[in-house]
Amino acid sequence: MDNWKDNKNVFWTLAAPGTFWLLVFFILPLGFLFVMSFSDKAMVNGEVSITDYDYLTGITNYIRSVDPLYLTIIWKSIWVSALATLLCLVTAYPIAFGICFASERWKPLLLLLVVLPFWINLLIRTYALIAVFRTQGYVNLTLGVLGLGPYDMLYNNFAVIFGLVYVYMPFMVLPLYATIERLDKSYLEASLDLGASQYTTFLKVTVPLTMPGIITGVILVFIPCLGSFLTPDLLGGANAIMIGNVIERQFKAANDWPFGAALSFMLMYATFAALMLRAFLAKRSAGVDV
Amino acid sequence: MADQLKPGSGPLDYGNRLWLKILFGVMYFMLYVPIITLIAFSFNTDKRGVVWRGFTLDNYAKAWNNSALIEAMTNSLMIAFIATIISTVIGAMVALMLWRFRFPFKGAYEAFMGLPIVIPEICMGVALLLFFNETGMMGAIVAMPWPLNLANIIIAHVAFCFPFVAIVVRSRLVGFNRQLEEASKDLGASEWQTFWKVIVPFMMPGLVAGALLAFTLSLDDFVITFFTSGPETVTFPVKVYSLVRRGVSPEINAASTVLIVITVMATILAMKLQAPEKSGKG
Amino acid sequence: MSHYQSKFKSTRRSLLKGTGAMIAGMTFMPRFSLAEEEKKLNLYNWDTYIGEHTLDDFNKATGIEVKMDLFADNDELFAKLKGGNPGYDVIVPTNDMLERMIKADMVIALDHAKIPNMANIDKPFQEAAFDPGRKHSIPYMWGTLGIGFRKSKIEGGVVDSWKILLDSDKYAGRISLLGDAQNVIGVTLKYLGYSFNSTDAAELKKVEDMLVAQKKNIKVFADDNGQDLLAAGEVDACQEWNGDIIQVMAEDQDINYAVPTEGSLVWQDTMAIPTGAPHPENAHAFLNFVLDAEAGKHIAETIKYATPNAAAKALMDKSYTENPSIFPSAEIVAKCEPSLYLGEEATKVRDEIWTRIQAA
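Chains as they are written, first to last, in the numbering used here: chain P, 710 to 999; chain S, 319 to 600; chain G, -14 to 345.
Just chain P, with the same shape it has in the complex:
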């Protein structure tokens, strides 16, 4: 890796557009919201104002957000997302692996076929999922022919996890594809030649070599899962609330933007802590550099 001072022109050319875009169109807007998270609704004529705020009044919103009520919901969101991410990884890996080892002619098509369902609007897709899995849906109709069911497959935590896996699949497949594709197949051959079984080769060679892709995929799936609200809303039952739903409500029905902002930042801090931990562990093992 070069020191940036060795080639300043190239460094700045590469760094400038992204940094500018992120600073102006992301960090700056987010700053408004960050200020908001330390603010409160203003009092006007003895009443709490609907649209005005007193800025930078303190950390009341953060205190409210560590109430056990919200911590329970955050914890639940974490394990639902973790389960969904794991399931996603387990299903996406063979797909990405298969695509990479398919013939050149089929590769682009297979890749396209994975992404294609996701060009249909999330909401429409979720409704289609409901049509397939509801009590009188096609799965139950098919099972009915076999003399089974009908089963209640929707409106529970299982449905939410399944829905999340379905929704975020390409976020796992694409990074996995990108790393497995560049996997040096001679390592696999060497491993096999030296007498390791396919299974051992996979666990000891393939998985470690594709770890960057796995980690990227896990991040890309886990984090959006954590903030999702539409899927739990539509597929979850009476118990399915996730932190994304609470946040969404603060910005809409409850009209409590400061609290919504504080909850969002809490979620971000948690994710950041996890990412830092990962970076720290990665550095210690001094293995892959993502």
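In short, the hints are calculated from the structure, not lab data. Among the clues, some could well be false.
Sample of chain P residues at the chain S side, in silico, Cβ under 7 Å [to be verified]: (1) MET710; (2) TRP828; (3) ALA837; (4) LEU883; (5) PRO884; (6) THR888; (7) GLU890; (8) ARG891; (9) GLY922; (10) ILE956; (11) GLU957; (12) PHE960; (13) MET977; (14) ALA979.
Partner residues are not named here, just some residues of chain P that face chain G (Cβ under 7 Å, in silico) [said to hold, decoys possible]: (15) THR760; (16) GLN845; (17) VAL955.
Predicted model only: the values in this text are computed from it and were never measured. Ideal Cβ placement from N, Cα and C applies to all residues, glycine included.
Mind docking chains S and G on chain P? Use the hints.
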């Protein structure tokens, strides 16, 4: 390079394993059952799409004559197209920078790049709404003629898309053998030539994956678009969201089917155009 | 990463406060300086909530081209306009949201001289508690919140109490409630004999306990698709808006709608002009047009909600005016209450209760 080793016969020829083929079939089937249902129901005469009542093309005619729907679709495709190009370029540049250079506070910079991925969508939507309102960009841009009035939405989409591209491209670059670069320079190629002839081809799968991801994200985004759009700049997801609250009509299914056909054709065309370059690297 | 944020804090703060006025000027000045308004109008409405050719008729009558954009619920409408009006001229908020928007100066006072058709409004709707003197709004449609149910699956085939949804395990796993705090808590208050708009902590506590206990029997809190769940056989009874159930009743004879005897919510959707509307003249012309007898009749025919437009109602036939699902009896209406805007604190209290119920 690795992929010059063609997957031939033998232990590595996973493409021909029966169990993998079956697994593949099952996975794709799972992915496609809801989509097939959706497409099938776009030909259904039943208004609520609950039961099959008969074949019709009326829904397509209705969708075609629904100018608001067509306009929303055009907006969506336009936005996704431009946002994908910009985010792929910017994202790739950031990935290259992070891969190639060592600089102070790199860890912090990487965390900073990860922010748009980390933040809940609604939070970013509201932040951008505040920003566009406070800076006057909302009023100024929404009043411009098409397609300039889409600028707000495109800016927002690029902001959350390019970090995704960067992360995907970067995980591809990790495996790049710097000796290839040096070899190229030793053989007399300039920095620029090396970049185009050696690094870009190596990045290509990452770029394709990143671009597909960006396109998907942009085309499907509802929350952020909702907060950054005006009355003249409604996109397909925003339209759909307000429509399906009272149930999905087959008209929407028809429109979705059309949208998917258009995007597939465009992608296949793009891949065809790109094909000669690809064959070069095997 | 916090050091990134703190560096910008002071500048952002001033930005937040200082630029507002400048921006407002920049945004709206050119539009208002036009002597004659351009022949355009931006309507922000609910889906399927206008006559099939009302907008064309209006265009023929006035030459004004209407562009309709849709929102899915009141909260969306509010969130979108709260930061500033991106260019809408006419909006369609429900009464309690209108009340909130009036308090926040988000809608302008109407010039009644420009809306002569206000005379067509039915007597009881000429005045409104949430908008005294109808200064800011015209009534558009009204209706009730009740129970949609599948006759063959419900014992006796009739429903007359909220009990089956709120306080009974008879239909465990076969019932759904709405997905928002205000309306679920509101009807539970009604069931317990209190006011829909109660802010009494003890009464709200009883509501919370009842709903937490009942939760195991509820299949789903359905945002706005209870009628679909009912039509698809997923639930046997659901809490829903009358208009949504009427739609599925037309397709399925087995479905019916009832307002429980404990009383319920009576709502009113209104039309108003948001602050900063670029075409206020055209907006007034549009409000006037909607209140016209013929135009009102066409709208009511299409969307089949109860119209407060007396002149239009007089032109409708009996299948509409005497439909009890559309126009409930005076006796039922008397037991219903409108939802009031209770202030930001009360909204917060209800939101927390709602979160606790969902997380329980």
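Now the hints, each set against the structure:
no., hint, verdict
1, MET710, "holds, 5 Å"
2, TRP828, "holds, 5 Å"
3, ALA837, "holds, 4 Å"
4, LEU883, "holds, 4 Å"
5, PRO884, "holds, 5 Å"
6, THR888, "holds, 5 Å"
7, GLU890, "holds, 5 Å"
8, ARG891, "holds, 5 Å"
9, GLY922, "holds, 5 Å"
10, ILE956, "holds, 6 Å"
11, GLU957, "holds, 5 Å"
12, PHE960, "holds, 5 Å"
13, MET977, "holds, 5 Å"
14, ALA979, "violated, 9 Å"
15, THR760, "holds, 5 Å"
16, GLN845, "holds, 5 Å"
17, VAL955, "holds, 6 Å"
Taken one by one, the earlier hints fail for this structure only at number 14.
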